[in-house]
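Each chain sits in its own coordinate frame; assemble them with the hints.
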Amino acid sequence: DAEITQSPRHKITETGRQVTLACHQTWNHNNMFWYRQDLGHGLRLIHYSYGVQDTNKGEVSDGYSVSRSNTEDLPLTLESAASSQTSVYFCASSVADTQYFGPGTRLTVL
Amino acid sequence: AQSVTQLGSHVSVSEGALVLLRCNYSSSVPPYLFWYVQYPNQGLQLLLKYTSAATLVKGINGFEAEFKKSETSFHLTKPSAHMSDAAEYFCAVRAGGGADGLTFGKGTHLIIQP
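Here the protein sequences come in this chain order: A and B. Every position in the first sequence, counted from 1, becomes a number in my numbering once 29 is added. Every position in the second sequence, counted from 1, becomes a number in my numbering once 682 is added.
Here are the computed lysine to any residue pairs in the SDA-like style, where the Cα-Cα straight-line distance is at most 20 Å:
no., chain 1, residue 1, chain 2, residue 2
1, A, Lys40, B, Gly725
2, B, Lys740, A, Ala125
3, A, Lys86, A, Asn60
Derived from the structure by calculation, the hints contain no laboratory data.
Next up, chain B with everything else stripped away, as it sits in the complex (with noise of 0.2 Å):
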């Protein structure tokens, strides 16, 4: 069985600021990792993945994440935050590849202070 843990259920930050949202996981088998945003209303959009390749992923919008095995982190960055990426982030896991469905965090809301 996998499981997420997202540290802080509310992160706020300035604007112009680091961005940096925890999560870790736990899983018996190599994971996948996902980070998702879910803007007001909306459903949710994928950020970025790992997938077992390299282990600094790139994603939309200026945000990384980095898969530490030795940590079980997958903690998302972003170097400047901006007005507009205000809204709920959530870490998800999946035990491999595959077609299973994804684990996920309770969600961590982001506020951005101008």
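Pulled out of the complex, with its shape left as it was, chain A reads as follows (with noise of 0.2 Å):
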């Protein structure tokens, strides 16, 4: 079955350390999304890409990027971590109005 993976599912690394975030999907979706889950602020806009080559900021876009470089993955990329950027982060993508969501990674910034 096609379906969106995440790796790694948990990951505790250092403030200042970059850290790269995996997104697959093997639904050949053009548009691709990153989001962040945070305690009493939902689910907030990371990037988003609508193919390969095309990356856009989202709402909470500082301290991070993305590449498209296939249509099957968006990596993201913190560049120097932060302890503000422990959260859970879910990658999308999206057919037909329709967002189908990873199963998360989980980050904790010491």
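See the structure below:
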């Protein structure tokens, strides 16, 4: 079955380190998204992409970057991790108005 | 810009009772509206969506929602709660169709009392 996966599922890192979270989907969807989920905030959009070589900033993009070199993957990079980036990160892809979410990555920045 | 307000961060109902989760939205253009459910340590699963067709939308697991433009609301209901409905529920909005990201509410935690 087609699916969307995220890795790692859990990550602990230190302040100032670069961290990359992987997102891979096998639906061949052009549109992909990254959200962060924090208690009391729901989910907030970080970056999104409409296709290969396309990336766009979302509501909370500061400190994050993405790149899209193929249809299947949209890795999220934290250039210099900060404690404020401790969160649960969800990747999603969409077709026909519906977004499908991955299982999430829990990131802790110490 | 669009926004979503979910009234009540926690809602508790008895098993077999009516479930009502409230969602109000604001959007400068006709909205597309969604309800997602999140079970512990899992991703979000789409329950139902409104995309400018029928105002009463039926979803999975017996849930439904009604789009009321005059009240800018999209409340989620289920006639009879089941223990398995205990989860976090999110309402989300997007300005019309297209491929933009969603704007989510802060979520409502549904508790089912036996």
